[in-house]
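Going down the list, the sequences are from chains A, B, C and D.
Going by this note's numbering, the residue at position 230 of the first sequence is 221; the numbering climbs one at a time, nothing skipped.
Going by this note's numbering, the residue at position 43 of the second sequence is 34; the numbering climbs one at a time, nothing skipped.
Going by this note's numbering, the residue at position 93 of the third sequence is 84; the numbering climbs one at a time, nothing skipped.
Going by this note's numbering, the residue at position 4 of the fourth sequence is -5; the numbering climbs one at a time, nothing skipped.
One thing to keep in mind: the hints can contain errors.
What the hints assert, rightly or not - Capping the alpha-carbon separation at 27 Å, the derived lysine-lysine pairs in DSS-like fashion look like this: (1) B:Lys96 - C:Lys96; (2) D:Lys96 - A:Lys52; (3) A:Lys27 - A:Lys50; (4) B:Lys50 - B:Lys67; (5) D:Lys26 - D:Lys(-7); (6) A:Lys96 - D:Lys5; (7) C:Lys96 - B:Lys67; (8) A:Lys26 - A:Lys5; (9) B:Lys52 - B:Lys96; (10) B:Lys27 - B:Lys67; (11) A:Lys27 - A:Lys(-7); (12) B:Lys52 - C:Lys27; (13) D:Lys67 - A:Lys96; (14) D:Lys67 - D:Lys(-7); (15) A:Lys96 - A:Lys(-7); (16) C:Lys67 - B:Lys96; (17) D:Lys27 - D:Lys67; (18) D:Lys67 - D:Lys5; (19) D:Lys96 - D:Lys5; (20) C:Lys50 - C:Lys67; (21) C:Lys163 - B:Lys96; (22) C:Lys67 - C:Lys52; (23) A:Lys163 - B:Lys26; (24) A:Lys67 - D:Lys(-7); (25) A:Lys96 - D:Lys52; (26) A:Lys27 - A:Lys67; (27) C:Lys163 - D:Lys163.
Said to hold, decoys possible - Simulated DEER-style distance windows between Cβ atoms: (28) B:Met(-8) - A:Asp71: 54 to 60 Å; (29) D:Ala140 - B:Lys(-7): 44 to 50 Å; (30) D:Gly107 - B:Glu218: 36 to 42 Å; (31) D:Arg10 - B:Glu33: 55 to 61 Å; (32) C:Tyr195 - D:Gln40: 42 to 48 Å; (33) C:Glu112 - A:Asp71: 56 to 62 Å.
As the list claims (entries may be wrong) - Interface residues of chain B toward chain A, partial, derived using beta-carbon atoms under 10 Å: (34) Trp110; (35) Tyr111; (36) Gln114; (37) His116; (38) Leu121; (39) Gln130; (40) Glu155.
It should be emphasised that the hints constitute simulated quantities derived from the structure, not laboratory data.
C-beta: ideal position from N, C-alpha, C; glycine also.
4 protein chains.
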Amino acid sequence: MKVLFYNEYEHERKEGPAREMYPGGIHTVLSEQLKKIDDTLEFSFATLQDHQQVITREKLKETDVLIWWGHMYHHKVDDDVVTMICEAVNEGMGLVVLHSGHESKVFRRLMGTRCGVEWYERQDHGRIWLLDQTHPIVQGVPNPLEIEAEETYAEPFTVPVPDELIGVTWWKGGEIFRGMSVYHRGYGKIFYFHPGHETLPSYYNSGIVKAIDNGIHYVAPRVRVDEVTSHHIEPHEP
Amino acid sequence: MKVLFYNEYEHERKEGPAREMYPGGIHTVLSEQLKKIDDTLEFSFATLQDHQQVITREKLKETDVLIWWGHMYHHKVDDDVVTMICEAVNEGMGLVVLHSGHESKVFRRLMGTRCGVEWYERQDHGRIWLLDQTHPIVQGVPNPLEIEAEETYAEPFTVPVPDELIGVTWWKGGEIFRGMSVYHRGYGKIFYFHPGHETLPSYYNSGIVKAIDNGIHYVAPRVRVDEVTSHHIEPHEP
Amino acid sequence: MKVLFYNEYEHERKEGPAREMYPGGIHTVLSEQLKKIDDTLEFSFATLQDHQQVITREKLKETDVLIWWGHMYHHKVDDDVVTMICEAVNEGMGLVVLHSGHESKVFRRLMGTRCGVEWYERQDHGRIWLLDQTHPIVQGVPNPLEIEAEETYAEPFTVPVPDELIGVTWWKGGEIFRGMSVYHRGYGKIFYFHPGHETLPSYYNSGIVKAIDNGIHYVAPRVRVDEVTSHHIEPHEP
Amino acid sequence: MKVLFYNEYEHERKEGPAREMYPGGIHTVLSEQLKKIDDTLEFSFATLQDHQQVITREKLKETDVLIWWGHMYHHKVDDDVVTMICEAVNEGMGLVVLHSGHESKVFRRLMGTRCGVEWYERQDHGRIWLLDQTHPIVQGVPNPLEIEAEETYAEPFTVPVPDELIGVTWWKGGEIFRGMSVYHRGYGKIFYFHPGHETLPSYYNSGIVKAIDNGIHYVAPRVRVDEVTSHHIEPHEP
């Protein structure tokens, strides 16, 4: 399973709470956590700094699943790279969009909507209720999945109705959020999952890590567009 | 708009808090509240005591929308009446299922599932977040819709994935609930809406009353099965 | 994979074209076809004659997937057996409903609708177009999947909107049919697939057999209701 | 009801069969047909030639529904205009996309997919089967809706699963097409409807005209984003 992990990697390079929480970056810590429970994952990495060099059409062709974490610098992501990624998803590549990636160019373009959320800065207790316990993404994940402290993302979340609504988050502060969903686009699938503020320990939470691991496997391609033969048929009668 | 309101009407006939809250029965109070804001509604009523006499095939044929409130005596509802109602819904009659009606024979048979909920007796603060503000059912309803105190119905709610998920309830106690949904069955539509414990003032809450009024209009039939001509066609080639 | 195959087995016991096409019964022939391509399947069988003896609660508990083929004698299937099966599906057992099983008590009760179809007796050329080529059920199945001759089932098919619409059948005679769909009910999944008239060779068609095999694996339970721990939580604040 | 009708208007300006079929352009003929059955519609028009002048932010703000017909020159439509339209749809404006508009920049951007179809040049007999006869868009439309001759658009149609699948087209030549669907994006709704080749008489077909008229009313906004008050709430506990 070839996983390409894009992490903006700006917060954690500067001295401060993000670097303390995720030394080496969110991509380094989360990939390590994932590898502890799943030895089939082979990671490579891209950051804002090098994404134009790393994320090429060739790289995407050999990638099973792309993970996307970005926050402050969505506007600096190269438009041609975004186009290539959206094409690759439509051709079958899986995509996992984490946390503030909901406002990334990639996610917004695939959704066709603004992908806005209501947003509160407090570090609130969240609790994800799993709506379909038979879904592959929630196997081995506790129900509910408790999140000690997270940034509050809340409805209205201006996305299309999810193709698969897997979990809804309850916030102690009074909100809810459809923050665990799957969308289908072309031959590809997209898993959006909301935990992951850069200064909070969500990516050390075993239930969250398990859900991301399951999500990677769920959106990995079964088939890609170039493996599909033409559907052109001879007309029924001449 | 001909609305037939079935209320079990056992709690409110006995001395106690239900009778104090809803003198004359939930059906009497809620229909009065609805008529205050909508003069197109013509109500008739059925209760557990008389439902076998009132709910006949002829009555259902001239009914646009049936409202169902039941709680303790689902098992005493006549099976033949249940069958007639399910048939009428499939033929186009609208159905509004309130509160504990989620476990009624009618709702369970139309869903094909157990329709169970997690249930907590505390009178908790609920807050319904409206997911689609363009939906006819939420026009004129505040978002969020606050419920001062209600019986907690919570996930897992063992129903099929709703055809239209309109609202999700947040509970102060820590749960969520898909308690405002529309399901399609045959030519009929079903609106399930969770507020309405017999000792609590939900049916005096103007937002809840407005949503029920909108719901009645939304599930009212546009077309009934006997107005539809046969779809049999001549085969394309002899 | 423990598969229990219910076949009404009335047509094929009498001398005539059904017995010639499916000697030993549809269940015998189709299970043999399936075993040729999948050695994980362990079959047991029930028929109209013995279904009350064979289909017990214990049997259903150890069954992964139930296949259902019935036609003329739906009304003779025991109501208690039907109830047990619907319960088992809600608890996680998979169900594959074939051909005229669309009007079985089991399917109708799980759907909550009449499950009627328009029906034409001619043996028409059908062509199933696969709408989602990434779906597990269509892997290895040609697109389109040609059916030499089948009984025409056509819209309107009075079922709920499928949770997963996998294929739509084109008929030479001029109709279409949503005859390849998955429905979710409780912890269980149901695969409906329309080919299989008792005098026609559909169950020798390798694409149809492959789709049924995939369907068995797709609806097989990942989790059953009794493996799920209680979701009751302590209220957030005392 | 203010309807802005964009027609590319290149085919019909040149001498030939398109001009003979639709003198004055598709927009002229179809709007006349619509006004014959609906006197609430007020039309204005844009073409490829003048779309940058006509389709401004102010114009879109006062437009209820935009109709889009384009074919050969999608690539010449101004990107900023496309962005404004997609924003307007997300803010609540209705959109009706006709025929070859499936490959327009506007539709593709709102879908997030390629929106490709299989395509055959023959003028084939099509027949649209209506899947939900209770839907507002099909009231007064015959089922099936016969199309004498049309360009064949066929599956795979690489769009997301429709939010509302209203009709599926059968083609005499052997294909099917999900060519009558509604998609929700933000506060807006989009109706895609496939008939309308520039040299064929579909926009004189009374059933097709009726469906387009119903579609205009169905996607017209009930509410726009700026009429919605903020959802920000005070946190539950300080």
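Hey, does the tryptophan 110 of chain B contact hint survive, CB to chain A under 10 Å? violated (15 Å)
Holds or violated: lysine 96 of chain A and lysine -7 of chain A, Cα atoms, limit 27 Å. Satisfied, since the Cα-Cα distance of roughly 23 Å is no more than 27 Å.
Quick one, are lysine 67 of chain D and lysine 96 of chain A close enough, alpha carbons at most 27 Å? Holds. Lysine 67 of chain D to lysine 96 of chain A sits at ~23 Å (cutoff 27 Å).
Is lysine 67 of chain C close enough to lysine 96 of chain B, meaning Cα to Cα at most 27 Å? holds (23 Å)
Given the proposed pairing of lysine 163 of chain C with lysine 96 of chain B, does the C-alpha separation stay at or below 27 Å? Measuring from Cα to Cα gives roughly 42 Å; hence the hint is violated.
For a C-alpha distance cap of 27 Å, please report whether lysine 96 of chain A and lysine 52 of chain D respect it. Given pair lysine 96 of chain A, lysine 52 of chain D holds - Cα atoms ~25 Å apart, limit 27 Å.
Against the 27 Å threshold, does the CA-CA distance of lysine 67 of chain C and lysine 52 of chain C hold or violate the hint? holds (23 Å)
Does lysine -7 of chain A sit within 27 Å of lysine 27 of chain A, going by the straight-line distance between their CA atoms? Holds - the C-alpha atoms of lysine -7 of chain A and lysine 27 of chain A are around 16 Å apart, at most 27 Å.
Quick check on a hinted range of 55 to 61 Å for arginine 10 of chain D and glutamate 33 of chain B, using CB atoms only. holds (56 Å)
Within a Cα-Cα threshold of 27 Å, do lysine 26 of chain D and lysine -7 of chain D meet the stated pairing? Measuring from Cα to Cα gives roughly 12 Å; hence the hint holds.
Would the stated hint for glutamine 130 of chain B survive a check requiring a Cβ distance to chain A of less than 10 Å? violated (16 Å)
Starting from lysine 50 of chain C, check that the Cα of lysine 67 of chain C is at most 27 Å away, please. Holds, at roughly 20 Å.
Hint compliance for this structure: hints 6, 10, 12, 17, 21, 23, 24, 26, 32, 34, 35, 36, 39 are broken, all remaining hints hold.
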